[in-house]
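Trainee: Protein chains in written order, with this note's numbering: chain F, 1 to 128; chain V, 1001 to 1197.
Keep in mind that the hints were calculated from the coordinates and are not lab data.
Given the structure is predicted, the values throughout are model-derived calculations rather than measurements.
Just so you know, even glycine gets a beta-carbon here, dropped at the ideal spot from N, CA and C.
Misleading hints may appear alongside valid ones.
Far from chain V, by Cβ distances over 10 Å, these chain F residues were calculated [claimed, not checked]:
#1 E33
#2 H43
#3 G49
#4 I69
#5 T87
#6 K97
#7 K117
#8 G119
Beta-carbon label-pair distances, calculated as ranges [stated by the list, open to error]:
#9 F:K117 x V:A1093: 50 to 60 Å
#10 F:R128 x V:P1013: 37 to 47 Å
#11 V:G1180 x F:V82: 29 to 39 Å
#12 V:V1195 x F:K117: 21 to 31 Å
#13 V:G1180 x F:N14: 17 to 27 Å
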Amino acid sequence: MFSGKISGESNTMNKQAILTSVAQAYMKDDLPEIRPGDTVRAHVKVREGGKERIQLFEGLAIAVRNGGIAKNVTLRKMSNGVGVERTLPLHSPNVAKFEVLRHGRVRRAKLYYLRDKVGKAARIRERR
Amino acid sequence: MTHVFAEDGRMIPVTVIQAGPVHVTQIKSTDKEGYNAVQVGFEEISDKRLTYPKYGHLKKAGLTTNLRFLREFRVDDPSSFSLGQTIDASIFADGEDVHVTGISKGRGFAGGVKRYGFKGQHMTHGYMTHRRPLSNGATGPQRVFKGSRRPGHMGDDQVTQKGLKVVKVDAERNLILVSGSVPGANGTLVTIKKVAK
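One chain only, chain V, in its complex shape (with noise of 0.2 Å):
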């Protein structure tokens, strides 16, 4: 993440996101597989991660490099896309709205303190408990409940951030800066979906 200034002079926090440049390498229509969709790859990479499986896919969408990632979007109009097309940053327009989704950072085998936001207890005075998750719940039914909050593995899950904005869209470098902050770590993938107005 890094600042800029709006022109009114307020420093706006922005995420910089390789938006692109994407390659169509599949187009699914309710016809053939049920539904429509579009899937993209992201990221030229050398061959020596290429499988034959995954060869003949991408030369299919006459395609001459590997890549990366492949996801798939949900369009309404698939016709309006062909094999092996190029799609960058410049769909997207300073101003837009849209939501981010990523792979949150993993915090591994977390507490109720860090996981639920629970108070937890003093830290000194005799208190034993520090931050112990403490009851488990009533002891009329004689059990734990399902779905009760308690320790275990936090992070590591999709996570979608609504309500960000496009601030500003780098077509050349196929760069997009988006107001706050996005899931995940630095350098990990994202996929990003306009919201209708």
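Next up, chain F with everything else stripped away, as it sits in the complex (with noise of 0.2 Å):
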């Protein structure tokens, strides 16, 4: 009979490592931490015309949702009056940048209440 060993390291590596592993290598490394509440300043890149340029999006953080390489930020504005949502993949080339201009102190992980809130009352505290 054969000696039994086993050589070629894949075998030892479980597929839950190799999926981590394989998503790994599309994932940004230099993300800042996004929290809900942190008003954050996205660079999109928007292709026109065969051109590219970036646009930035800027607004509140009202969800993030984890799930590794499809990890994304809902982020919330007000423009001329009428609320703007935005969901951008972190991960996702077509964002060149995040930036987090100022952490906010919140008590929910999802901001959703704030839709519903205006002016004044969709204020959030600045997180020290």
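With the hints in hand, could you dock these two chains into one complex?
Mentor: Structural data, given as structure tokens:
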């Protein structure tokens, strides 16, 4: 019979570790820590007529959804009196950079209640 | 499954497949077996599961480890393979079209709603037939036609998923990323076939 020796590293690696390492190659490692309540500026790449430029979108992070490479953040801002929300995947190559401008102190993970509030009522205290 | 990003920023859902290394265990030719094929073995395992006939079969190919799976592929030219030859994921290239065949997840004895997508009836408002299959056919021929869609065993069948694309090949670890999902439960054997354009 054979010696029974098993060669090959790949057999010893478990399935979850392989999946994580595959996605890892596509993930950014220079992302700032974004938490709900933070004011964030996103540098979104926009392609128009074959040209590419950077568009800024600044808003309050009202939700952060985890999920490895699919992690995303929902930013909300008021634009000409209309609430605008954009959900951006953190690891997407279409977003050049995220900047955290201000840390907010909040007591919820999802700040959906802010959708029903405007002006003074929609303020968030700063986190120190 | 996981996702990766395309260069233009699109998110592509991918299935990670351990594609090899496989070892050629037998070469079949028209002269001897009547058809051209190559038998390959995959996944090295310990001798505990090795039977004496299998030992002889693998030894003939010059192999020194036991293999879990043996599968056969029809080829046009078996002389381009040699016994004991190792084939790894580098035979695939990015962007290639592939068909992936596997055994689908078993659903047990499933009803018509799950198995054939019957609409079913209302859950409330006096209906007593919620997910039942109802009519079996006309009263004209006083029998049920063969092949009628009825409740029964679902899944655990061989399924070929066509139209998949190789997104990326990791030759170092013998992994390939295929766009979309493939048949079967996690960690089960699938066979991958390149599709001629």
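Trainee: Compare the structure with each hint and give your call.
Mentor: Checked hints:
Interface exclusion of F:E33 from chain V stands, the closest Cβ pair being 21 Å apart, more than 10 Å. The beta carbon of F:H43 sits about 13 Å from the closest Cβ of chain V, which is more than 10 Å, so the claim that it is off the interface holds. Here F:G49 stays apart from chain V, with its beta-carbon at least about 15 Å from theirs, past the 10 Å limit. Listed as outside the interface, F:I69 is inconsistent with that label: its C-beta sits roughly 6 Å from the nearest C-beta of chain V, within the 10 Å cut-off.
In this structure F:T87 is separated from chain V by more than 10 Å, as the shortest Cβ-Cβ distance comes to about 12 Å. Its beta-carbon lying about 14 Å from the closest one in chain V, F:K97 satisfies the requirement of being farther than 10 Å from that chain. Its beta-carbon lying about 32 Å from the closest one in chain V, F:K117 satisfies the requirement of being farther than 10 Å from that chain. For F:G119, the shortest C-beta to C-beta distance to chain V comes to about 35 Å, beyond the 10 Å cut-off, and the non-interface label holds.
At roughly 54 Å, the beta-carbon separation of F:K117 and V:A1093 lies within the given 50 to 60 Å, and the hint holds. The given range of 37 to 47 Å is respected by F:R128 and V:P1013, whose C-beta atoms sit roughly 41 Å from each other. Checked against the hint of 29 to 39 Å, the pair V:G1180 and F:V82 passes, with Cβ atoms roughly 38 Å apart. In this structure, V:V1195 and F:K117 break the distance hint of 21 to 31 Å, their C-beta atoms being roughly 55 Å apart.
Under the hint 17 to 27 Å, the C-beta atoms of V:G1180 and F:N14, about 23 Å apart, fit the expected range.
Consistency note: the structure conflicts with the earlier hints numbered 4 and 12.
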